[in-house]
Amino acid sequence: MKFRKIFHLEFTYQLRQVSTWGYFAVVFVLAYLFLTANFASDAREGYVLLNAPIVIAAVTVLCCVFWLLMSGAVAGDAAARDVQTRMFSLTYTSPASKRDYLGGRFLAAFLLNVLVLLSIPASIFLTIYFTGIEAEILGPFRLSAYLSSYFFLVLPNAFITTAIQFSMAAITRKAMASYLGGILLFVAAYGVGQGLGVIKGPIDWGTLVDPMGFTPVLSHLSLEWSPLETNTRLLKLEGAFLANRILWLCLAMGMLAFTYFRFQFILPETGQKRKQALQPTYTKAVLSWLTWEKAESLPQGRGIFNSTTHLHQLKLLTFNSFWALAKSKSGLLLLGLIALVIGFAMPGNLKTKGVPLLPRTDQVLTILAAPFTEPGKFWIIIFLLVIFYAGELVWRERESGLHQLSNAAPVPEWVLFLSKYLSLSLMLVAGLVFMLFSGIMAQIGIGGAEVEVGLYLKVLFGFQLVECLLFALLALVVHVVINQKYIGHLVMLLVFGLLMYAPSLGLEHKLLVFGSSPKWSYTSMGGFGPSVVPWLWFKAYWVAWALLFGVAARLLWVRGQEQSVKARLQLARRRFTRTTALTTALAVGGILLLGGYIFYNTNVRHDYLNSSALAAQRAAYEQRYKQYQNVPQPLLTGVNLQVEMYPSQRMVEIAGTYLLVNKSQEPIDSVHLAPGAGVETTSVHFDRPTREVLLDEKLGFRLYALVKPLPPGDSLRLRFQVTYNPQGFTNNGADAQVRENGTHFRNMEWLPVIGYQPYRELDEAAARKMYGLAPRPATASLYDVAARRYATFPERISFEAIVGTEANQQVVAPGTLRRTWTKDDRRYFHYVTEAPIRNEYAFYSANYALQEGKWRNSSDGLGQEVSIQIFYPPGHTKNSKQMVKSAVASLDYYTKQFGPYPHRQLRFVAHPGYSFGNHAAPINITAEEGFFLLDPEADERGFDLVTAVVAHEVAHQWWGNQLKQAYVEGAGLISESLAWYSAMGVLESAYGPAHKKKLLNFLMEEYENPQTKAALPLLHADDWYQSYRKGPMALHALSQYIGKDQVNGALRRLLQKHPPGKVPFATSLDLYQELQTATPDSLQYLLHVLFKANTFWDLKANQTTVKQTKAGTWQVTLNVQARKTAVSEAGLEKEVPLKDWMEVGIYAPAKAGEELGKPLYLQKHLIHSNQQTITVTVPNKPAQAGIDPNHLLIDWNLRDNVAEVKM
Amino acid sequence: MENQTESLLIRNVSKTYANGVQALSNISLTIPPGMYGLLGPNGAGKSTLMRTLATLQEPDQGQIFLGELDVVNQKEEVRQSLGYLPQDFGVYPKATAEELLDYFAVLKGFTNRASRKEVTEGLLKQTNLWENRKQKLGGYSGGMRQRFGVAVALLGNPKLLIVDEPTAGLDPAERIRFLNLLSELGESSVVILSTHIVEDVSALCTNLAIIDKGKILLEAQTQEAVAALRGKVWRTLIEKNKLTAVAQEHQVISAKSLGGRTLVHVYSPVDPGSGFEPVTPDLEDVYFSAMTGVQGQHALAQEVEEVQP
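For the protein sequence lines, the chains are A and B, in the order given.
Read in UniProt numbering, the first sequence has 821 at position 821, and its numbers run on one by one without any break.
Read in UniProt numbering, the second sequence has 115 at position 115, and its numbers run on one by one without any break.
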């Protein structure tokens, strides 16, 4: 009865609160937004049906995770309201038992949360069926989808959250504790769960630690499940997900039990300990009170009030509230802990593909600094804390009751507001100091890089501090204006969310999103470049807004009892003084002036295009000019350029001449020119009479009619002038291709191209449909014969350029550097290619260090010599020698195996940037700065990624630059897969089989990442995994079955049949044909299953027994289990009958550090059934035996192929 | 040493809350320096008036002047010479009395360390908190906390001191000492004591006003108000059940239980006759007669002319 009454009172009390329905509404809207803004567009792209069970589950977990941030109020209120409203003296003394009291309150809170979360399925259902979502992206309605989400996600999540929050609030007697509990759960789900999800291993830690089930659901949706599964499979309680639910439910129950035993119906302040401390002083006070007689006259001093007083007050109030905040458990201690965690996580974060990086200061700072519009995994926690701090600061006086005294004190409102702001700022400064130490400690701990204190100070106390100060002000102003603590938190969280997701909600212009600006960037090589100026303009603009917000907060600052909107506005009018007017005018003036200047830059000096306008432009390009795609055009065969670079002025002038030849069978009467974007193309001049027919600068299409058509075989010269002189900045900042040090630009962006450019078309199916374009696959079909005639920039050209730059810089361009000279304080470089290159090249200008090497071709008898040059950022000498060595080995191997290298140079050239990617253009391979920070020596796997990547990139000089692949499905197989396969050969022949094995292991690491098996066969490969991982492994397997020489011979013939420039371009079918020729009949089946079907094996060594024969040899009996499946693109798995040759291996005991010992036996056996027993006799005592021990076949489970041998 | 004596003028002040409750209705008072009692039952509008005087609330209309200062429009200046002891306040439990008083001293403009020390020391002694100055405020008893509030209110020798229901939580000894403290201050400043305890006012205040339902029922000098009732209050001791009958015949101003019977005070300019004996009136009789509408021209007058422009 009591239980029911307590429950009922609590339930109805909170049900009547507006905030409860506010949470309902917010979650409802969140679900709507996730569905319409995110999943609907995915559905239109054809990824997954909008009402697929996993999408419903994903929306549910997303909503749950964000609900955590505001869910504290319900449970916290139920658990701690009595203490905070001081009603405890009535309730605690009533004869209700602990069970009734806590139980009733908890149940009420739980049901209220369940009610709030009921908005998720409600919103999903209503959004899907009543907001005009088209039926094409929906599957049949399935109640079970909603029910499984509700019972496996919503209910347990509500219980877990309520239990943990309720317990924390009940034990601490503070409602705030439950809010903190919510944040902790949020971090566990959003940060830790997602972070650990990356770690591979037998135990799925990411799934286990995630209290909301966020990690498993999203990983099902985006990685693990095949399209068929994502569209139809129901979320079931199984595996790690089941363990997760049980674990967290147990934890929640444990918390509740703990609370039940720990909770007492007394207040901590009146607990035993304190009472004793109080007792003696109390008696003393009473005594002295009674004996006290003489009243001294009252002190007569009066306060002095002037501006110094206000500064004094400001100082006092600032430090007072700062220390109160700093000393609390969630204050400096927590900030310090966060910094510590970041420091300890640094080695893990400073890795790429598992290879440790040198902890150069700029790399460390990419982790230590982040804007609040894109806070990343660490700063999001700190910014959430700032919201929490802001609430604490604004409510500090009122929560303690001191406001009754202090509000009447003669302190102006601006001092009150500013003191709160300054104390919050001090907290952030303290946090940044912690960050500084954490970064420096991590750098020293990892070692190998210089600690650049000056850079730390610039970044943390310059850029990052401004971010912090803007955000702190916003949080404080929101709390002051809202004037309801929980609703203030809620509103600020929503604002924070909006700021983070503004671009995806369609707010792309940075003038519209508080605090956002183009990003600053700094790399050791390129410095800040032109990134600082736009950053400063935008931030100054937002500072002006911040000032205005500050004024508003001062006017609306609550000081009295009356807090209605009307009363506050009335008071605000009274507070509006001359100074206020001046400050407001200053702020508004600043906003208009700065905003005006920014707008002038983003929208007047540059065309402002948001993503939909950009898509519309691409659509218009296709609609208007696709008609010219197949009109014969003269072919580019020669390029002669005169380039003047002015890196300090960020300016480049190019005068160029193209030699164009009519290689078609008919006369050509017009030339279609596509000028580059972001540059001005002028003085277009042909060496024969032409007429300008069309100049469409917006879409980038010009049409010149030749007065006299160009007959077949004849040529013409085209002269042009290209000027790059960017003015100001755009919404995305200033273009940084040309910068003081580290200029880098490519022909494909800047220089004019001949003909219609299909790569500018829209590819996404939904976007094409929206703009009324004919549907087509994003990548052309492998069987689309016409498409085989197109590849990106395939022309073979002779190249010559004279490039001038500033005197202290070095220019790199394709070809031989004929001459270099200095004129008028500028350095000039004359580059000429000796053999034709593909029409893709870049110019670099920077202050480089140079590592040189030479490779002499020993096999061709002509003594071809190739000079190898590594242009790297000075100071990073570590890898350049290895790079030269690997390049030499690669040239050696590839020329022997595949054919000659046509050029006299091979270069790797650095350009500024954080990432590690390389891009192999002919002769010159671009390597981003981060590549030179890789520290393979520190790699625990003992794997040298640098050497392997160099071999891969050099291989592209054959696969991609000589053999040009058509722009159709399977293109990745003949560029990337062949490059990795070739690199394996280099490692094996020049570095030894152990190195190749490490590369194979590295490639196979990908097997452990959760992902779906559903895919097209390799011949149609167009995703990353297929091109870069499965393809190389398949080629490797084939080479182990039919012999490396056979495969390499097939590749050599492929290249011979498709010499550079030959049209149609090669496809994976051509590769397949060559491989087929090289493969014996007995293994044709293998070629087929590897490349023409998406095949997976599942191989396992079950029982292995051994006994010694009389002859002293050892007889091993091995029971193997095998399965082979073909998986369709949609994910349909079909078991295929086995009749496969597979390696069977028996191994001697392994030495320390080895996986397998010396092979005692390694032969291929024909496996023809799911269970098979194999008996082998070996001379020595075996330790391990297994099937396919070298993992030649594609079997994602690497662990069970080999088993220990039992006696 | 300046010792200005400025009066507080309240002119036609009205306040209606958003929920429709009219807390103050066209209040006008002139409050001279010295102790001034504001008497009224709970919910009469006392606290609203106090908060309005303490610059923490805006009146809907009306004007308030402290000497030359316009309280509504010159809040900042008023606060510089204001002492306010609210009915209910909290403290930072982890701060000591000395620290927090020092804190308030800075807020009240004592920027000089030496003068601040002098003032806070004096006040801590004055309020008899000197011995406990190093103790955390969280461990203070209700009375000690109230005294701390007084110390804060007295900081800076305020020209206007507003004390709202100050004696509610005090034990008898504390209450007497507290009232003595107030009376000392009352010599040079305007001190407004708002209370529902009649004895507090009768002991200290030379002037008083009685307020109920947002209206002033009586504004008078304490002595004169009592004197005006002299010879007009009578009492009798009756059985409980006869009270209704008596009330029909006489103007009952108060009735309280006394040893199982009821002691009734009635107002009558002439001898009401049998069973009644004359009483020397005290302030309580003034209060009750005002509350019952017997005495106090304001009450009757205002009932009629309730004008809201």
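Source of the hints: derived by calculation from the structure; they are not laboratory data.
All C-beta atoms in this analysis are idealised placements derived from N, C-alpha and C, irrespective of residue type, glycine included.
One thing to keep in mind: the hints can contain errors.
Listed below are several chain A residues computed to face chain B (Cβ distance under 7 Å; list not exhaustive) [stated by the list, open to error]:
id, residue
1, 307
2, 312
3, 314
4, 318
5, 402
6, 404
7, 410
8, 550
9, 552
10, 556
11, 581
12, 582
13, 583
14, 586
15, 683
Now the hints, each set against the structure:
no., hint, in the structure
1, 307, "violated, 11 Å"
2, 312, "holds, 4 Å"
3, 314, "violated, 10 Å"
4, 318, "violated, 12 Å"
5, 402, "holds, 5 Å"
6, 404, "holds, 4 Å"
7, 410, "holds, 4 Å"
8, 550, "violated, 19 Å"
9, 552, "violated, 19 Å"
10, 556, "violated, 14 Å"
11, 581, "violated, 16 Å"
12, 582, "violated, 18 Å"
13, 583, "violated, 17 Å"
14, 586, "violated, 22 Å"
15, 683, "violated, 70 Å"
Violated hints, in rising order: 1, 3, 4, 8, 9, 10, 11, 12, 13, 14, 15; the structure is consistent with all others.
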